[in-house]
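Each chain is listed here by its residues.
There are 4 protein chains.
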Amino acid sequence: MRVSVIGLGRMGANICRRLMRGGHEVVGFDRNQDAVRPLVDEGVIGAASLEDAAAQLPSPRIFWVMLPAGAPTEDTIAALSAIAQPGDVVIDGGNTFYKDDIRRFRECRERGVHYVDVGTSGGVWGLERGYCMMIGGDSDVIRMLDPIFATLAPGLGTLSRTPGREARDDRAERGYIHAGPAGSGHFVKMVHNGIEYGLMQAYAEGFDILKGRASDKLPDDERFTLDLPDIAEVWRRGSVIASWLLDLCAYELAGDNELARFSGRVADSGEGQWTIDAAMEEAVPVNVLSAALFARYRSRSDERFADQLLSAMRFGFGGHVEMPQ
Amino acid sequence: MRVSVIGLGRMGANICRRLMRGGHEVVGFDRNQDAVRPLVDEGVIGAASLEDAAAQLPSPRIFWVMLPAGAPTEDTIAALSAIAQPGDVVIDGGNTFYKDDIRRFRECRERGVHYVDVGTSGGVWGLERGYCMMIGGDSDVIRMLDPIFATLAPGLGTLSRTPGREARDDRAERGYIHAGPAGSGHFVKMVHNGIEYGLMQAYAEGFDILKGRASDKLPDDERFTLDLPDIAEVWRRGSVIASWLLDLCAYELAGDNELARFSGRVADSGEGQWTIDAAMEEAVPVNVLSAALFARYRSRSDERFADQLLSAMRFGFGGHVEMPQ
Amino acid sequence: MRVSVIGLGRMGANICRRLMRGGHEVVGFDRNQDAVRPLVDEGVIGAASLEDAAAQLPSPRIFWVMLPAGAPTEDTIAALSAIAQPGDVVIDGGNTFYKDDIRRFRECRERGVHYVDVGTSGGVWGLERGYCMMIGGDSDVIRMLDPIFATLAPGLGTLSRTPGREARDDRAERGYIHAGPAGSGHFVKMVHNGIEYGLMQAYAEGFDILKGRASDKLPDDERFTLDLPDIAEVWRRGSVIASWLLDLCAYELAGDNELARFSGRVADSGEGQWTIDAAMEEAVPVNVLSAALFARYRSRSDERFADQLLSAMRFGFGGHVEMPQ
Amino acid sequence: MRVSVIGLGRMGANICRRLMRGGHEVVGFDRNQDAVRPLVDEGVIGAASLEDAAAQLPSPRIFWVMLPAGAPTEDTIAALSAIAQPGDVVIDGGNTFYKDDIRRFRECRERGVHYVDVGTSGGVWGLERGYCMMIGGDSDVIRMLDPIFATLAPGLGTLSRTPGREARDDRAERGYIHAGPAGSGHFVKMVHNGIEYGLMQAYAEGFDILKGRASDKLPDDERFTLDLPDIAEVWRRGSVIASWLLDLCAYELAGDNELARFSGRVADSGEGQWTIDAAMEEAVPVNVLSAALFARYRSRSDERFADQLLSAMRFGFGGHVEMPQ
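Chains as they are written, first to last, in the working numbering: chain A, 148 to 472; chain B, 148 to 472; chain C, 148 to 472; chain D, 148 to 472.
Keep in mind that a hint or two might mislead.
Identical chains share a label here; the pair holds if one copy fits it or two copies do between them.
Said to hold, decoys possible - Calculated pairs, EDC-like style, for lysine to aspartate or glutamate (alpha carbon to alpha carbon, straight line, at most 20 Å):
#1 Lys364 x Asp317
#2 Lys364 x Glu275
#3 Lys246 x Glu221
#4 Lys364 x Asp449
#5 Lys246 x Asp424
#6 Lys246 x Glu428
Please keep in mind that the hints were generated in silico from the structure rather than gathered at the bench.
The model shown is predicted, which means the values in this text are computed figures rather than measured ones.
Can you build the whole structure from these sequences, using the hints too?
See below:
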């Protein structure tokens with residue numbers, strides 16, 4: 148198929164490449180034309196503007212938008228929905244909030260334009276290994292786009308297969324799913340990221356305990372100076388908590404067991420917060436996912452007013468305020 | 148009655164005074180004789196040693212130990228249990244771990260000595276207002292000691308009475324209870340402190356949100372610069388969250404709405420941790436009480452290895468480690 | 148002053164009464180005219196419709212809306228803002244989400260109408276004791292309304308005063324504050340309720356531990372059958388955790404120490420969730436407030452899919468799935 | 148080497164088998180002789196008693212104890228330490244609390260006997276794939292036992308290697324480590340299990356949110372009926388949260404997307420609790436690990452007194468108890 152990719156950052160550029168390797172033709176556009184040129188050398192059909200991209204596409208035109216969430220995506224999709232003809236397809240492959248997808252889907256539909264949201268995981272490995280994709284939108288549109296998704300996804304590979312899936316939709320095994328209606332693709336990706344925060348924090352707390360065991364406040368025979376790189380490595384090998392995130396821990400600890408080059412100020416990108424919001428809308432208790440998010444907030448604070456107030460109350464115990472009778 | 152008080156720090160000294168005001172005779176001992184002398188001026192019968200204190204008491208001799216938990220209390224009670232005669236009573240009024248009480252009770256019983264644990268709340272206001280006491284041990288011994296407890300306790304006072312308590316043990320209304328067997332006094336006091344941590348953290352988080360509302364990252368019309376001293380004050384007056392701890396907040400905030408003189412490094416004294424331990428022994432979920440304790444741990448850390456590991460994993464996303472297939 | 152009260156449920160009716168006791172004239176309206184009649188007997192000027200209420204008010208007309216949050220309040224305020232003349236004042240005394248206040252303030256302002264949000268605490272005791280009020284809106288409007296707030300508020304009373312407040316706005320001591328611009332009144336009330344959830348859960352967990360201490364899984368000498376009514380009572384008297392919420396615990400436990408008539412399915416009214424949202428907007432860690440909210444969610448679930456999935460994973464340990472190498 | 152395995156349950160039996168496959172001779176004992184016989188058919192040298200096992204071993208005699216933690220292990224090790232000669236080695240391969248290891252190590256040392264603790268992960272797959280082992284004790288003893296550990300461990304296998312480990316102890320890559328002194332093996336295994344609880348709960352909460360999205364309380368266009376088996380499957384393929392635990396989820400969900408055959412009553416085996424204890428000894432905040440543990444406690448409760456007390460307080464709001472002024 149011939150499709151356009153709007154936004155040629157690292158992620159968008161790699162999507163172009165993987166599409167071309169799969170035999171597709173790609174029209175590429177980026178507001179920064181310096182990002183377009185090297186891809187043209189690799190075979191991408193360069194576009195000078197959104198209109199130019201549209202002009203180089205057959206009908207129905209397919210726009211894969213791969214931009215930072217928020218204003219860049221919002222503005223581009225607004226512009227595209229003005230350019231698009233009935234039957235055209237706008238795909239948001241970024242990290243959009245799912246309620247924005249629902250609204251945009253409705254707005255596009257009013258103009259006869261199809262809107263598809265794709266939660267994309269895989270990062271820099273996606274080019275080689277493929278992207279894990281969670282897709283929201285209308286079934287017939289998503290079926291029509293299948294050659295694109297099939298190319299971008301990892302495919303079956305050599306991973307051991309899950310028994311009992313013989314009768315099920317095989318797209319999941321090939322690394323992509325049609326999650327449901329508009330917004331559901333980004334919704335599932337959002338929860339994925341919420342889980343990711345929880346997993347990361349579980350490892351982080353565990354290693355923090357291991358490291359803290361060297362504290363000289365502990366009795367001599369209960370104090371252990373543990374080799375964290377070796378522990379991360381051995382856990383990768385046959386233990387129940389083996390995972391790709393643990394592989395990351397093992398890699399980084401092998402390089403520097405003190406992790407001295409990392410500050411402990413940890414950003415969050417929005418999905419963690421949205422996940423908690425979604426849980427509250429459903430009245431689902433999520434103590435682990437919220438604690439993981441709050442740990443990141445706390446990590447970015449040098450001190451907190453909350454703690455100062457605790458100190459103030461403790462000081463107040465000293466007798467400044469008359470006790471209740 | 149004539150009783151001894153062992154340990155004449157601020158708390159012990161005030162207990163002597165309140166006992167004397169109630170008509171009791173007090174033999175006072177402290178390893179630091181400088182702490183004894185001023186109390187002798189106030190009417191305390193000074194003792195030069197534990198043996199001397201014992202010698203000045205009628206039988207059965209009553210020893211109220213008011214020392215820091217841990218070694219000071221442990222060593223003194225060991226010494227007393229050697230000095231004590233069958234029928235004598237050793238009272239631990241400090242903040243002892245309840246399992247230590249259970250062991251000591253057993254050890255004392257083997258020598259015919261009575262052991263009573265008293266969880267004491269009230270701080271510096273106790274002298275004027277009385278001490279709230281939770282008592283563990285044998286019923287007949289605690290009944291025998293009743294004149295002491297009745298004197299130390301606040302008494303009925305003017306607090307509105309709880310309806311429906313007419314047929315109940317009126318000691319609770321007068322500010323002390325016989326909680327149960329050995330250790331139960333300190334157990335109840337321990338849970339009291341666990342709750343206290345939770346309450347304090349609830350206020351702390353709430354005020355932190357109020358303060359954070361001035362953040363310039365918020366939209367203009369959702370940004371409020373709130374007057375925290377006024378808010379604490381108004382909540383004292385007719386609101387559902389009125390409490391003595393809130394009175395403390397109001398007091399401290401009135402003096403300095405930035406709480407600038409308080410570092411946010413908050414100590415914990417052991418009871419919070421023991422409360423979590425007790426909950427885990429009973430399989431009781433205590434997310435609030437544990438979160439309150441952990442907030443204090445976190446407040447004392449400049450940075451945590453946990454957070455550095457999160458940063459390291461996030462860095463690792465960048466492609467150093469091969470993705471799972 | 149002559150003001151109208153729109154919504155004559157228990158809360159609205161008591162506000163009418165307290166206003167009249169303070170010498171104000173009250174025009175009362177309720178969609179349910181059966182709610183109006185008894186108040187007319189007490190001196191309220193009955194109104195048959197919002198328009199009728201408006202007609203009986205001097206200019207500028209003051210509408211105190213006291214309705215359930217959500218559609219009832221929203222619809223009524225929309226209707227009032229159509230009826231109101233420039234200079235009139237619409238007050239929302241309910242439990243509205245503060246962002247709705249901000250929007251309504253803007254909408255009213257376009258018509259020259261003043262909008263004031265009042266977070267009101269005090270419940271059924273408010274009639275006698277007065278209402279604790281947190282007020283958002285324009286200063287001059289709130290100053291104009293001061294006679295109403297002064298009447299409704301508790302006043303100084305006999306509560307011990309907070310030292311250091313001599314130079315401060317004395318409205319807080321009399322039980323009401325002007326918190327800030329539109330929305331800030333309900334914002335402060337929202338955080339108040341968030342804190343309330345945290346406080347309640349701290350007590351709940353503590354008493355749960357006390358109750359669980361009778362478990363026959365514990366060693367004999369560490370098992371205590373504690374008298375919870377007595378413990379709640381004694382903690383009211385001189386302890387650090389004394390509060391009105393503890394008074395409630397003591398009262399309910401005195402009536403039934405098993406609390407057998409209470410199911411453990413606990414509702415939440417929105418403010419808890421909004422408080423967490425506000426905290427996340429500010430990146431404030433709130434592990435206690437969120438845990439308190441989630442405990443309520445969990446209390447309303449007979450079983451959770453989360454727990455079933457844990458069981459499923461544990462079952463899977465048994466060897467159905469090939470281990471990682 | 149010739150070693151004995153004490154305890155021939157599923158785990159112990161498989162350890163015998165893997166040792167024999169690796170060329171070792173195994174003397175097997177179980178109090179239940181029915182467990183011994185089938186293994187004798189496979190080549191194990193049967194023993195009728197601990198003494199008999201000892202008699203069939205060369206010096207220094209090696210006893211690998213593979214029994215349930217607690218009394219079975221404790222009693223057997225006490226018996227062995229009486230039978231053992233100076234220089235003999237007692238290995239505890241079970242799930243012992245690390246402080247018990249520290250004590251036993253000391254007790255054994257007094258008799259000249261070596262004690263080694265081995266935290267063993269791998270479950271039923273261990274026979275084929277090998278066991279991931281974390282070992283505590285004296286270096287020379289552990290070096291002497293190396294042929295056993297090397298046989299039991301997975302070995303290098305085909306897992307991609309962690310860069311930067313070239314100069315490090317290669318035992319970690321082969322699936323076992325000498326963690327440190329006595330107790331450290333089980334300590335590291337304990338933290339491993341604590342992390343496991345956290346990881347499992349993160350997935351559980353995430354899938355609970357996904358499932359809850361079908362709630363009919365949500366707006367129509369924000370309600371999604373998601374296919375959880377497909378989501379688990381697609382996340383295994385190229386996503387950041389791929390792990391063996393997720394493989395388990397995918398497997399169990401593929402069999403039954405409602406997990407109807409699983410009750411949500413989730414056991415915990417002690418390590419989770421010990422992990423929290425260890426964290427508290429070190430003052431490490433562990434909100435995720437504790438929340439994961441508490442979720443299991445809660446899952447086993449039909450109702451909780453905590454929740455009833457919340458309801459009681461909420462009822463009390465209604466005016467039974469006089470408000471604070």
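Hints, verified against the model:
1. Lys364 x Asp317: Neither, since 56 Å and 32 Å both go past 20 Å.
2. Lys364 x Glu275: neither (49 Å within a copy, 39 Å between copies)
3. Lys246 x Glu221: Classified as within; 12 Å inside a copy, 23 Å across copies.
4. Lys364 x Asp449: Classified as between; 18 Å across copies, 24 Å inside a copy.
5. Lys246 x Asp424: Cα proximity of Lys246 and Asp424: in one copy and across copies (12 Å, 16 Å).
6. Lys246 x Glu428: both (13 Å within a copy, 17 Å between copies)
Comparing the model with each numbered hint stated earlier shows that hints 1 and 2 do not hold.
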